[in-house]
Amino acid sequence: MIALLKRDLALAVRAGGGFGLGLAFFLIVIVLVPLGVGPEAALLTLIAPGMLWVAALLAALLSLDRIFALDFEDGSLPLLATSPLPLEGVALMKGVAHWATTGLPLTLAAPALGFLLNLSSTAYVWLFVSLAIGTPALSMIGTFGAALTVGLRRGGLLMSLLVLPLYVPTLIFGAEAVRRGADGLSTTTPLLMLAGITLGSFALLPFAASAALRVNLR
Amino acid sequence: MNLDFWSSFKDFIYEIYPPFWDAVVAFLGKYAVEVLSAYFASIILLVVIVVMSIRRSRRVRAQLTAVEARKDKS
Amino acid sequence: MSIWEYANPKKFITTTTPIVPWVLGLSIALLVVGLTWGFFFTPDDFRQGSTVKIIYLHVPAALMAINAWFVMLIASLIWLVRRHHVSALAARAAAPVGIVMTLIALITGAIWGQPMWGTWWAWDPRLTSFLILFLFYLGYMALWEAIEDSDTAADLTSVLCIVGSVFAVLSRYAVNFWNQGLHQGTTVPVATGERSISDIFFVPLVMCMVGFGLLFLALVLMRTATEIRARRIKALEARMRG
Amino acid sequence: MTLKVSDLAVARGGAPVLEGLSFDVAAGCALVVRGPNGIGKTTLLRTLAGLQPAIAGTIDFPEDTAAYASHADGIKAQLTVVENLAFWADVHGAELPDAVFEAFDLVDLRDRFAGTLSAGQKRRLGLARLGVIGRDVLFLDEPTVSLDGFSVKMFANWLRDVHLARGGIAVIATHIDLGLDAPELDLTPFKAAPDAAGGSDEAFL
Numbered sequence: 000m001i002a003l004l005k006r007d008l009a010l011a012v013r014a015g016g017g018f019g020l021g022l023a024f025f026l027i028v029i030v031l032v033p034l035g036v037g038p039e040a041a042l043l044t045l046i047a048p049g050m051l052w053v054a055a056l057l058a059a060l061l062s063l064d065r066i067f068a069l070d071f072e073d074g075s076l077p078l079l080a081t082s083p084l085p086l087e088g089v090a091l092m093k094g095v096a097h098w099a100t101t102g103l104p105l106t107l108a109a110p111a112l113g114f115l116l117n118l119s120s121t122a123y124v125w126l127f128v129s130l131a132i133g134t135p136a137l138s139m140i141g142t143f144g145a146a147l148t149v150g151l152r153r154g155g156l157l158m159s160l161l162v163l164p165l166y167v168p169t170l171i172f173g174a175e176a177v178r179r180g181a182d183g184l185s186t187t188t189p190l191l192m193l194a195g196i197t198l199g200s201f202a203l204l205p206f207a208a209s210a211a212l213r214v215n216l217r
Numbered sequence: 000m001n002l003d004f005w006s007s008f009k010d011f012i013y014e015i016y017p018p019f020w021d022a023v024v025a026f027l028g029k030y031a032v033e034v035l036s037a038y039f040a041s042i043i044l045l046v047v048i049v050v051m052s053i054r055r056s057r058r059v060r061a062q063l064t065a066v067e068a069r070k071d072k073s
Numbered sequence: 000m001s002i003w004e005y006a007n008p009k010k011f012i013t014t015t016t017p018i019v020p021w022v023l024g025l026s027i028a029l030l031v032v033g034l035t036w037g038f039f040f041t042p043d044d045f046r047q048g049s050t051v052k053i054i055y056l057h058v059p060a061a062l063m064a065i066n067a068w069f070v071m072l073i074a075s076l077i078w079l080v081r082r083h084h085v086s087a088l089a090a091r092a093a094a095p096v097g098i099v100m101t102l103i104a105l106i107t108g109a110i111w112g113q114p115m116w117g118t119w120w121a122w123d124p125r126l127t128s129f130l131i132l133f134l135f136y137l138g139y140m141a142l143w144e145a146i147e148d149s150d151t152a153a154d155l156t157s158v159l160c161i162v163g164s165v166f167a168v169l170s171r172y173a174v175n176f177w178n179q180g181l182h183q184g185t186t187v188p189v190a191t192g193e194r195s196i197s198d199i200f201f202v203p204l205v206m207c208m209v210g211f212g213l214l215f216l217a218l219v220l221m222r223t224a225t226e227i228r229a230r231r232i233k234a235l236e237a238r239m240r241g
Numbered sequence: 000m001t002l003k004v005s006d007l008a009v010a011r012g013g014a015p016v017l018e019g020l021s022f023d024v025a026a027g028c029a030l031v032v033r034g035p036n037g038i039g040k041t042t043l044l045r046t047l048a049g050l051q052p053a054i055a056g057t058i059d060f061p062e063d064t065a066a067y068a069s070h071a072d073g074i075k076a077q078l079t080v081v082e083n084l085a086f087w088a089d090v091h092g093a094e095l096p097d098a099v100f101e102a103f104d105l106v107d108l109r110d111r112f113a114g115t116l117s118a119g120q121k122r123r124l125g126l127a128r129l130g131v132i133g134r135d136v137l138f139l140d141e142p143t144v145s146l147d148g149f150s151v152k153m154f155a156n157w158l159r160d161v162h163l164a165r166g167g168i169a170v171i172a173t174h175i176d177l178g179l180d181a182p183e184l185d186l187t188p189f190k191a192a193p194d195a196a197g198g199s200d201e202a203f204l
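Protein chains in written order, with numbering that gives the first Met the number 0: chain A, 0 to 217; chain B, 0 to 73; chain C, 0 to 241; chain D, 0 to 204.
Please keep in mind that the hints were generated in silico from the structure rather than gathered at the bench. Among the hints, erroneous ones may be present.
Here chain B is said to cover these stretches of chain C; the calculated rule only asks that three of the stretch's residues, wherever they fall, bring their Cβ under 8 Å from a Cβ of chain B [stated by the list, open to error]:
1. 87-100
2. 104-117
3. 131-144
4. 210-223
5. 234-240
Just so it is clear, the structure is predicted and the values come from calculations on it, not from any experiment. Each residue gets a CB set at the ideal place from its N, CA and C atoms; glycine is no exception.
Looking at chain A on its own, in the form it has when it is part of the complex:
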């Protein structure tokens, strides 16, 4: 399975602009927020945690439909299905590969962009921690959504409609953790819930994703 992960990372770096795509989109959304909402620092501080998380979520969503679509079009998905690799392993590795190319760079870059939204100083560490815990869940849930809609025409649009409601718990707990961090309150409960969702997603969703893949390969 590691071979699949290595190949996907190599492909992402060579072809899809790899780490930069999600990051660039994240930066653009963050820059748009003050342009839309206005430059008042007090207001920006208030909405910074939520907007940073929403931007991270949208950046993750952006590159989801390519996860399986490429392999489906060039025929390597059926070949992977008939290989010794379990499909659950393929789905898991695809989720990890997506996180490595979008979630990870986001987590590292987000604190650096926090000042654009005048994020309060105490919140930076919590932003990093909540993104580090939460973005894997975004990737795994997204992989499930991608598996559901691979091979469908206009699958990308449909996938966003399916995946966004599934992102709600992660968004709420993630943004809440950062907001509590900003106000100096204890952030343990939201972070625990966030970790619970991430672990749950990685434990269960590969099975749902592989079931969906098997159906789509029929």
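Since the structure of chain A is already known, use the hints to place chains B, C and D on it.
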């Protein structure tokens, strides 16, 4: 929908037929329009889903008999 | 005669077609009686005034919105385990009814809360979780429409329904965590059984609930039969072309 | 090690396509499947490979020894020929033998990006994958499409001298003569009757 639009809307429908609205307000109090609009909206939605279901059922039933007729002929 | 007997589409149609008009008629009768009783013959609440009368629409619709998703979940599980087409098509049939119930719950909830909260939409946790449920319904129905082959569609939507249910429950508690809550306490807590409203409100409310339940049943039976017939048309046409 | 298929029925999109199919393929033999377009060759091969469930009958061969190859070769354009084959070797936990490059005439293409290959070269790379993964039972769906005469002969030689000689099995759906002295199976007599049972639409007819 901010509140002043809503209050201007309420004044508007009040002029339509004042005596009726006097009786309604007497009966329902100052939230008469809210209660009526809630009932109105819900009943409209229920009627829509029932009517759509019945119409679709009839249309598909007709199609089916047509297809079956074609099948028996061929 | 086990209930799996009804899994056979033709048998399902022959048994349900005669009873649907009766169930529909009974449910409409119950609704008319329940709503008029609740609307005309129950006193106003001292605090909320006459808006309390919206309870007869909001509570039953909210109840049915959740039950509809639950029915779809059970039907999806039955489809995945026993491969009965009727349950998959019943899940597909229940979704539009469920989304309408959710819409009614949302609209009546917003109108009901407006005088007290001062705005049309105060992001109250319970109403927000219905809004999220609405999105789940939307996604579920969109997935059905997006796939031509019925069996693939049934499988994929069943998987989505199961995963969606887990996340719907998660969202329910996440939303509670996110905002303290303006909604009044549960009027009829099914678990504890005691109720926070007096008898005169209670009887018409139960009548409306039963009315909504029967209406849901009638609509789902009717729409399932329609889905079966539509599937039969497709199968016959495929056969004739083949 | 033999491939035994008894009374197999396969469906496509809910309607039965083939039924009552029985055949055995002993180790070291190949079977060429023939039939007009749309008879269900691809459906049959996908069912044998396990990509879709059969509606009736049984397929048995040793677990985890099947490999499937179809029109789409599963080649990544941004990876070089060597990287593509190395990936499939890793996935199957096998070593990348150098002999496969000679067998499929890919020696001088080793470090070329797969995207820059011609259709025929891509095809050879796709077939080279079969040589790399070391699977005994091969289900090949028109493997020689877009190959020139010389490459077809080369592939047939590899199949006979390397794969079958090693005791492998191959079921090949093709229209051209591969020059293998393999038995042929025409699928026309096994075409499912219009009202055949078993398809998922059956409950509605």
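Outcome of the hint check:
Coverage of the stretch 87-100 of chain C by chain B holds [criterion: at least 3 residues with CB-CB distance below 8 Å; count 3]. Only residues whose C-beta sits within less than 8 Å of a C-beta in chain B count toward coverage, and the stretch 104-117 of chain C has 7 of them, enough to reach three; the restraint holds. A count of 0 residues in the stretch 131-144 of chain C with a Cβ less than 8 Å from any Cβ of chain B is obtained; the coverage claim is therefore unmet, three being the minimum. Evaluation of the coverage hint for the stretch 210-223 of chain C: fulfilled, as 4 residues show C-beta separations to chain B shorter than 8 Å, against a requirement of three.
For the stretch 234-240 of chain C, the stated coverage by chain B holds: 4 residues have a C-beta nearer than 8 Å to a C-beta of that chain, and at least 3 were required.
Of the hints listed earlier, the one the structure fails to meet is number 3.
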